[in-house]
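Peer 1: Sequence:
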Amino acid sequence: AHEINQPVAAIRTYAENAGRFLETGKTEPASGNLTSIVSMTERIGAITGTLRTFARRPGVAASPLPVREAIDGALSLLSGRIRDSGVTIVKPRGTA
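Under this note's numbering, the final residue of the sequence shown carries the number 130; numbering is consecutive throughout.
No wet-lab data here; the hints were simulated from the structure. Every value quoted in this text rests on a predicted model; they were computed, and no experiment measured them. Just so you know, not all the hints are guaranteed correct.
Pairwise CB distance ranges (calculated) [to be verified]:
| id | residue 1 | residue 2 | range |
| --- | --- | --- | --- |
| 1 | Gly114 | Glu62 | 26 to 32 Å |
| 2 | Gln40 | Leu68 | 16 to 22 Å |
| 3 | Leu56 | Arg117 | 49 to 55 Å |
| 4 | Ala43 | Val124 | 29 to 35 Å |
| 5 | Glu57 | His36 | 29 to 35 Å |
| 6 | Thr58 | Ile78 | 24 to 30 Å |
| 7 | Asn51 | Ser113 | 45 to 51 Å |
Ideal Cβ positions, reconstructed from N, Cα and C, are used throughout, including at glycine.
With the hints as constraints, model all of the structure from the sequences given.
Peer 2: Have a look at this one:
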(Lines of atoms letter the chains of each structure in order from A and count residues from 1; the text may use other names and numbers.)
(Lines give C-alpha, C1' and ligand atoms only; values in the text may rest on other atoms or scores of the structure.)
Protein backbone atom coordinates (compact mmCIF):
# COMPACT_ATOMS: atom_id res chain seq x y z
CA ALA A 1 0.00 0.00 0.00
CA HIS A 2 2.85 2.40 0.83
CA GLU A 3 4.28 2.02 -2.67
CA ILE A 4 1.04 3.45 -4.11
CA ASN A 5 0.00 5.80 -1.28
CA GLN A 6 3.28 7.72 -1.33
CA PRO A 7 3.08 8.71 -5.02
CA VAL A 8 -0.64 9.52 -4.67
CA ALA A 9 0.10 11.90 -1.78
CA ALA A 10 2.92 13.48 -3.79
CA ILE A 11 0.64 13.88 -6.82
CA ARG A 12 -1.85 15.79 -4.68
CA THR A 13 0.87 18.10 -3.36
CA TYR A 14 2.34 18.71 -6.82
CA ALA A 15 -1.14 19.39 -8.24
CA GLU A 16 -2.01 21.86 -5.49
CA ASN A 17 1.30 23.66 -5.94
CA ALA A 18 0.90 23.70 -9.73
CA GLY A 19 -2.46 25.42 -9.23
CA ARG A 20 -0.86 28.05 -7.01
CA PHE A 21 1.94 28.60 -9.52
CA LEU A 22 -0.58 29.06 -12.33
CA GLU A 23 -2.62 31.53 -10.25
CA THR A 24 0.49 33.70 -9.94
CA GLY A 25 1.53 33.30 -13.57
CA LYS A 26 4.52 31.07 -12.83
CA THR A 27 4.12 28.61 -15.67
CA GLU A 28 7.62 27.10 -15.62
CA PRO A 29 7.44 25.64 -12.09
CA ALA A 30 3.83 24.59 -12.75
CA SER A 31 5.02 22.71 -15.82
CA GLY A 32 7.72 21.02 -13.75
CA ASN A 33 5.13 19.90 -11.22
CA LEU A 34 2.92 18.50 -13.97
CA THR A 35 5.88 16.59 -15.40
CA SER A 36 6.48 15.10 -11.94
CA ILE A 37 2.82 14.09 -11.75
CA VAL A 38 3.10 12.26 -15.08
CA SER A 39 6.18 10.42 -13.82
CA MET A 40 4.43 9.37 -10.61
CA THR A 41 1.34 8.12 -12.44
CA GLU A 42 3.61 6.03 -14.66
CA ARG A 43 5.20 4.61 -11.51
CA ILE A 44 1.78 3.71 -10.09
CA GLY A 45 0.92 2.05 -13.39
CA ALA A 46 4.08 -0.04 -13.23
CA ILE A 47 3.30 -1.08 -9.66
CA THR A 48 -0.27 -2.12 -10.49
CA GLY A 49 0.98 -3.99 -13.55
CA THR A 50 3.42 -5.91 -11.38
CA LEU A 51 0.71 -6.65 -8.84
CA ARG A 52 -1.51 -8.02 -11.61
CA THR A 53 1.32 -10.33 -12.64
CA PHE A 54 1.58 -11.71 -9.12
CA ALA A 55 -2.16 -11.87 -8.42
CA ARG A 56 -3.47 -15.38 -8.72
CA ARG A 57 -6.76 -15.61 -10.56
CA PRO A 58 -9.32 -18.08 -9.23
CA GLY A 59 -9.35 -21.28 -11.23
CA VAL A 60 -5.91 -20.72 -12.74
CA ALA A 61 -3.41 -23.36 -11.75
CA ALA A 62 -0.01 -22.30 -10.51
CA SER A 63 2.76 -22.94 -12.99
CA PRO A 64 6.53 -22.73 -12.94
CA LEU A 65 7.98 -19.24 -13.19
CA PRO A 66 11.59 -18.41 -13.96
CA VAL A 67 13.28 -17.25 -10.76
CA ARG A 68 14.59 -14.11 -12.52
CA GLU A 69 10.98 -13.01 -13.27
CA ALA A 70 10.00 -13.47 -9.63
CA ILE A 71 13.03 -11.51 -8.44
CA ASP A 72 12.45 -8.74 -10.99
CA GLY A 73 8.81 -8.47 -9.91
CA ALA A 74 9.73 -8.30 -6.23
CA LEU A 75 12.39 -5.66 -6.92
CA SER A 76 9.89 -3.64 -8.94
CA LEU A 77 7.40 -3.66 -6.07
CA LEU A 78 10.08 -2.67 -3.58
CA SER A 79 11.94 -0.18 -5.78
CA GLY A 80 10.72 2.86 -3.83
CA ARG A 81 11.82 1.45 -0.50
CA ILE A 82 15.09 0.23 -1.95
CA ARG A 83 15.82 3.68 -3.38
CA ASP A 84 14.81 5.47 -0.15
CA SER A 85 17.01 3.22 1.99
CA GLY A 86 20.07 3.80 -0.19
CA VAL A 87 20.54 0.09 -0.79
CA THR A 88 22.17 -0.99 -4.05
CA ILE A 89 21.13 -4.35 -5.46
CA VAL A 90 23.38 -5.99 -8.01
CA LYS A 91 21.89 -8.77 -10.11
CA PRO A 92 24.17 -11.21 -11.90
CA ARG A 93 24.11 -11.07 -15.68
CA GLY A 94 22.88 -13.95 -17.76
CA THR A 95 19.66 -15.72 -18.58
CA ALA A 96 19.51 -18.11 -15.63
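Peer 1: Does each hint hold? Answer for all of them.
Peer 2: Okay, the hints, checked on the actual structure:
A hinted range of 26 to 32 Å holds for the C-beta pair Gly114 and Glu62, which are about 27 Å apart. Look at Gln40 against Leu68: about 19 Å separates their beta carbons, and that is inside 16 to 22 Å. Look at Leu56 against Arg117: about 30 Å separates their beta carbons, and that is not inside 49 to 55 Å. For the pair Ala43 and Val124, the supplied restraint of 29 to 35 Å holds, since their beta-carbon distance comes to about 31 Å.
Here the CB-CB span from Glu57 to His36 is close to 32 Å, well matched to the stated 29 to 35 Å. Distance hint check: the CB atoms of Thr58 and Ile78 are about 29 Å apart, consistent with the given range 24 to 30 Å. At about 25 Å, the CB distance of Asn51 to Ser113 disagrees with the hint of 45 to 51 Å.
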